[in-house]
Amino acid sequence: MSAETWAIAQFTVVMALMATALTLPFAIAAGWVLARATFPGKALLETVVSLPLVLPPVATGLLLLWLFGRRSPVGRALDAVGVEVVFTWKAVVIAMMVVSFPLVVRSVRSGIEQVDRRYEELAATLGAGRFRILRTITLPLASRGIVAGAILGFSRALGEFGATIMVAGAIPGRTQTLAVGIYTFVETGREEAAWGLLLLSALLAFGAIYLSNRLVAARA
Amino acid sequence: MATRNPAMKIVNWLAAGLAVLASSAPIAAQPPSLVVSVAASMHTALEELAVLYRAATGVTVSLNTGSSNTLARQIVEGARAAVFISADDRQMDVVEKAGRVVAGTRTRLLTNELAIVAPIDRAVPANLAALLEGRVTRLAMGETSSVPAGVYGRRWLEHEGAWPRLQSKVIPFPTVRAVLSAVEAGRVDAGIVYATDAREAKVRVVGRLPANEHAYLNIVQPAAVIAGPAEAEGRRFLQFLRGPEASAVFRRRGFGVER
Chain A
1 MSAETWAIAQ
11 FTVVMALMAT
21 ALTLPFAIAA
31 GWVLARATFP
41 GKALLETVVS
51 LPLVLPPVAT
61 GLLLLWLFGR
71 RSPVGRALDA
81 VGVEVVFTWK
91 AVVIAMMVVS
101 FPLVVRSVRS
111 GIEQVDRRYE
121 ELAATLGAGR
131 FRILRTITLP
141 LASRGIVAGA
151 ILGFSRALGE
161 FGATIMVAGA
171 IPGRTQTLAV
181 GIYTFVETGR
191 EEAAWGLLLL
201 SALLAFGAIY
211 LSNRLVAARA
Chain B
221 MATRNPAMKI
231 VNWLAAGLAV
241 LASSAPIAAQ
251 PPSLVVSVAA
261 SMHTALEELA
271 VLYRAATGVT
281 VSLNTGSSNT
291 LARQIVEGAR
301 AAVFISADDR
311 QMDVVEKAGR
321 VVAGTRTRLL
331 TNELAIVAPI
341 DRAVPANLAA
351 LLEGRVTRLA
361 MGETSSVPAG
371 VYGRRWLEHE
381 GAWPRLQSKV
391 IPFPTVRAVL
401 SAVEAGRVDA
411 GIVYATDARE
421 AKVRVVGRLP
431 ANEHAYLNIV
441 QPAAVIAGPA
451 EAEGRRFLQF
461 LRGPEASAVF
471 RRRGFGVER
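For the record, the sequence lines run as chains A and B.
Just so you know, the first sequence maps onto residues 1 to 220 in our numbering.
Just so you know, the second sequence maps onto residues 221 to 479 in our numbering.
Hint data in this document are derived by calculation from the structure and do not stem from the laboratory.
It cannot be assumed that every hint is accurate.
[Claimed, not checked] Every beta carbon over 12 Å from chain A, so not counted as near; a handful from chain B, in silico:
no., residue
1, Val255
2, Thr325
3, Arg328
4, Pro430
[Said to hold, decoys possible] Where chain A lies over chain B, by a calculated footprint (3+ residues, C-beta under 8 Å):
no., stretch
5, 256-265
6, 274-286
7, 289-295
8, 298-312
All of these numbers come straight from a predicted model, not from anything done at the bench.
Glycine included, every Cβ here is placed at the ideal spot set by N, Cα and C.
Based on the sequences and whatever the hints tell you, model everything.
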């Protein structure tokens, strides 16, 4: 396996880890809101959160490209402060975050829903505040769902292709991930290199799934 | 024990991952380089030229390779490519209409020809008459409204009045590379691609449509400098692409160079 292949794999893993770390707080917040709160428009929020799951990733990428492009207010604001997203590693992380977000939220949410509300209510009668209840009771009891969500999101991020190629491009050494690399190598006739990446992707996916199964089993 | 809690484990891994990120300086601290968005069919030639250019000037050229449609879309939305090399005029038109081309820099960099290809192990007829005759039941082409080689292939068949009869035999593919893979695998009887693409695949070229006999096709693969902070570097690179050294590389790979 060539140095190039390893570099692409390392880059992809680092990007996916970063995307997972950055997604987790948002996903926990969204999962908690969806599991515990009732408010008008909740169904709408649920739908919006799940959107990247059903939209073709290329469409998600097109939306992101527009959002961070020079024609949207967001893109112009970022331009003004000198932050470039399109064609950089930031675009890779953002694409990964957006496509994995719904998966993580779903898992976190079902984890929180399985927590018996009586424990939370009991803690409240003893004077614990909302945040303390969340931190000391809800989240620890929902940790299986959170961990499963994180691993699921990480795995999805590893394989992300459609949104990435739209918004980050396929620039070797700068934005080229495993999935994008496989595509580019096939497109440009470098099939052997593509097979190398494919093998690594399979190994990584295997590792992530194996770990998640073991974690869940250890906890049960 | 902290590690008994799976949530803590995850947090630890993430921390480890971020530590790796912090230490993997090559990702963050790369020297600025020239991004060139290039259609997949010219990638190998550009890869070779990037090496030559670096040797001559010390400037690293990063190739963003993809289908011309995607590349054009990215540039229209403001992606910082310095030079765009498209597989056909239409996608360059899109970029130019959006005001992203530096005035006066659009150039007819290369010309190309269509080729009819067939699986290596099959003796397949070479000309249009044979295509029509019926021994070809499945004809692979790039998507005939968006993939450049597919658009030109269709234009040729329409010009010959053969499109209505062949249309039902056409199997459209999203990229030229996919067309070649289908032919290589022997899953179709023939395919229509750019002559230069055919050279890079394990297929048999059974027919060519010489540019001088099919002038109406006028297959041009244009290049232009894209507006942005790297304009000056872009101009220098395009100048190099039009120079004698680059022309020799393109010719050797089967592209037409009009200069």
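Hint check:
no., hint, result
1, Val255, "violated (6 Å)"
2, Thr325, "holds (19 Å)"
3, Arg328, "holds (23 Å)"
4, Pro430, "holds (24 Å)"
5, 256-265, "holds (count 4)"
6, 274-286, "holds (count 5)"
7, 289-295, "holds (count 3)"
8, 298-312, "holds (count 4)"
The structure fails to meet hint 1 from the earlier list, while all remaining hints are met.
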